[in-house]
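S.K.: Residues per chain, in single letters:
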Amino acid sequence: AQRVTQPEKLLSVFKGAPVELKCNYSYSGSPELFWYVQYSRQRLQLLLRHISRESIKGFTADLNKGETSFHLKKPFAQEEDSAMYYCAIRDRTGKLIFGQGTTLQVKP
Amino acid sequence: DVKVTQSSRYLVKRTGEKVFLECVQDMDHENMFWYRQDPGLGLRLIYFSYDVKMKEKGDIPEGYSVSREKKERFSLILESASTNQTSMYLCASSEISLRAYEQYFGPGTRLTVT
Numbered sequence: 001a002q003r004v005t006q007p008e009k010l011l012s013v014f015k016g017a018p019v020e021l022k023c024n025y026s027y028s029g030s031p032e033l034f035w036y037v038q039y040s041r042q043r044l045q046l047l048l049r050h051i052s053r054e055s056i057k058g059f060t061a062d063l064n065k066g067e068t069s070f071h072l073k074k075p076f077a078q079e080e081d082s083a084m085y086y087c088a089i090r091d092r093t094g095k096l097i098f099g100q101g102t103t104l105q106v107k108p
Numbered sequence: 001d002v003k004v005t006q007s008s009r010y011l012v013k014r015t016g017e018k019v020f021l022e023c024v025q026d027m028d029h030e031n032m033f034w035y036r037q038d039p040g041l042g043l044r045l046i047y048f049s050y051d052v053k054m055k056e057k058g059d060i061p062e063g064y065s066v067s068r069e070k071k072e073r074f075s076l077i078l079e080s081a082s083t084n085q086t087s088m089y090l091c092a093s094s095e096i097s098l099r100a101y102e103q104y105f106g107p108g109t110r111l112t113v114t
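Protein sequence lines, in the order shown, are assigned to chains Y and C. Each residue of the first sequence is one higher than the one before, counting from 1 in our numbering. Each residue of the second sequence is one higher than the one before, counting from 1 in our numbering.
A few of these clues could be false.
Under the rule of at most 35 Å between Cα atoms (straight-line distance), these lysine-lysine pairs were calculated in the DSBU-like manner [said to hold, decoys possible]: (1) 3(C) to 9(Y); (2) 3(C) to 22(Y); (3) 22(Y) to 55(C); (4) 107(Y) to 65(Y); (5) 18(C) to 55(C); (6) 70(C) to 9(Y); (7) 9(Y) to 13(C); (8) 107(Y) to 9(Y); (9) 22(Y) to 57(C); (10) 15(Y) to 73(Y); (11) 9(Y) to 57(C); (12) 18(C) to 70(C); (13) 55(C) to 65(Y); (14) 15(Y) to 3(C); (15) 55(C) to 13(C); (16) 71(C) to 13(C); (17) 3(C) to 73(Y); (18) 57(Y) to 18(C); (19) 55(C) to 71(C); (20) 107(Y) to 55(C); (21) 73(Y) to 9(Y); (22) 65(Y) to 13(C); (23) 13(C) to 57(Y); (24) 18(C) to 107(Y); (25) 73(Y) to 57(Y).
Computed footprint of chain Y on chain C, listed as stretches where at least three residues anywhere in the stretch have a Cβ under 8 Å from a Cβ of chain Y [what the hints assert, rightly or not]: (26) 42-51; (27) 105-114.
I should point out that these hints are in silico values taken from the structure, not numbers from a laboratory. Values in this document were obtained by computation on a predicted structure and should not be read as measured data. Just so you know, even glycine gets a beta-carbon here, dropped at the ideal spot from N, CA and C.
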């Protein structure tokens, strides 16, 4: 079965510290993976996708097929990064399957 | 700029009431979705629609139904609300093309069933 797991409900770091939000998936075939973000009082929105291999707001995510992971990383966290982050995989029908979400709290 | 709107931000209903949640998008998207968002459970797909009058069940359709009479509007119906349907409900839309992975979300409706 296709599944996305985010093992951490809450990740709390200090401003300037590195951040890694974990995401593991199960999928047979070539997966398409994404990170969505929801800032306080804002809508859920796409942050980045693995195919583009781009850095958005300083965040990057590398698809590791061997470890079936797609962790989201940022070298220096900012207070404005505080938000809920969801990892998602696109299934064979084209729908997105979301993980449980991780709340990132960046303390001053 | 894609706009997805939901009819209410907050809703309080009694057990057994019939509840309608409305969603409208203005980008002529073919796909529309209804999710529940619960702490620790993430987003779970209730129903989706890929065309007018077409619908498919998601992962948790029990207790819900949907209606899509017009392309821009997708309604979620709770036939007889129960307390375990207290949740945040998110509507989303997307294209049917290669960019279908990018879903555009509404602001959400927080439903409380008492």
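S.K.: Look at each hint and say if it fits the structure.
M.R.: How the hints compare with the structure:
1. 3(C) to 9(Y): 29 Å, holds
2. 3(C) to 22(Y): With Cα atoms ~30 Å apart, residue 3(C) and residue 22(Y) stay inside 35 Å; holds.
3. 22(Y) to 55(C): 33 Å, holds
4. 107(Y) to 65(Y): 33 Å, holds
5. 18(C) to 55(C): 20 Å, holds
6. 70(C) to 9(Y): 38 Å, violated
7. 9(Y) to 13(C): Holds. Residue 9(Y) to residue 13(C) sits at ~29 Å (cutoff 35 Å).
8. 107(Y) to 9(Y): 17 Å, holds
9. 22(Y) to 57(C): Within the cut-off at roughly 29 Å; holds.
10. 15(Y) to 73(Y): 14 Å, holds
11. 9(Y) to 57(C): Satisfied, since the Cα-Cα distance of roughly 28 Å is no more than 35 Å.
12. 18(C) to 70(C): 21 Å, holds
13. 55(C) to 65(Y): 33 Å, holds
14. 15(Y) to 3(C): 33 Å, holds
15. 55(C) to 13(C): 26 Å, holds
16. 71(C) to 13(C): 28 Å, holds
17. 3(C) to 73(Y): At roughly 29 Å apart (the allowed maximum being 35 Å), residue 73(Y) and residue 3(C) satisfy the hint.
18. 57(Y) to 18(C): At roughly 43 Å apart (the allowed maximum being 35 Å), residue 18(C) and residue 57(Y) break the hint.
19. 55(C) to 71(C): Holds - the C-alpha atoms of residue 71(C) and residue 55(C) are around 12 Å apart, at most 35 Å.
20. 107(Y) to 55(C): It is violated: about 44 Å lies between the C-alpha atoms, which goes past 35 Å.
21. 73(Y) to 9(Y): Given pair residue 73(Y), residue 9(Y) holds - Cα atoms ~16 Å apart, limit 35 Å.
22. 65(Y) to 13(C): With a Cα-Cα distance of about 46 Å, the restraint between residue 65(Y) and residue 13(C) is violated, given a limit of 35 Å.
23. 13(C) to 57(Y): 40 Å, violated
24. 18(C) to 107(Y): 43 Å, violated
25. 73(Y) to 57(Y): Status holds; Cα separation ~11 Å.
26. 42-51: With 5 residues close enough to chain Y, the hint holds.
27. 105-114: holds (count 4)
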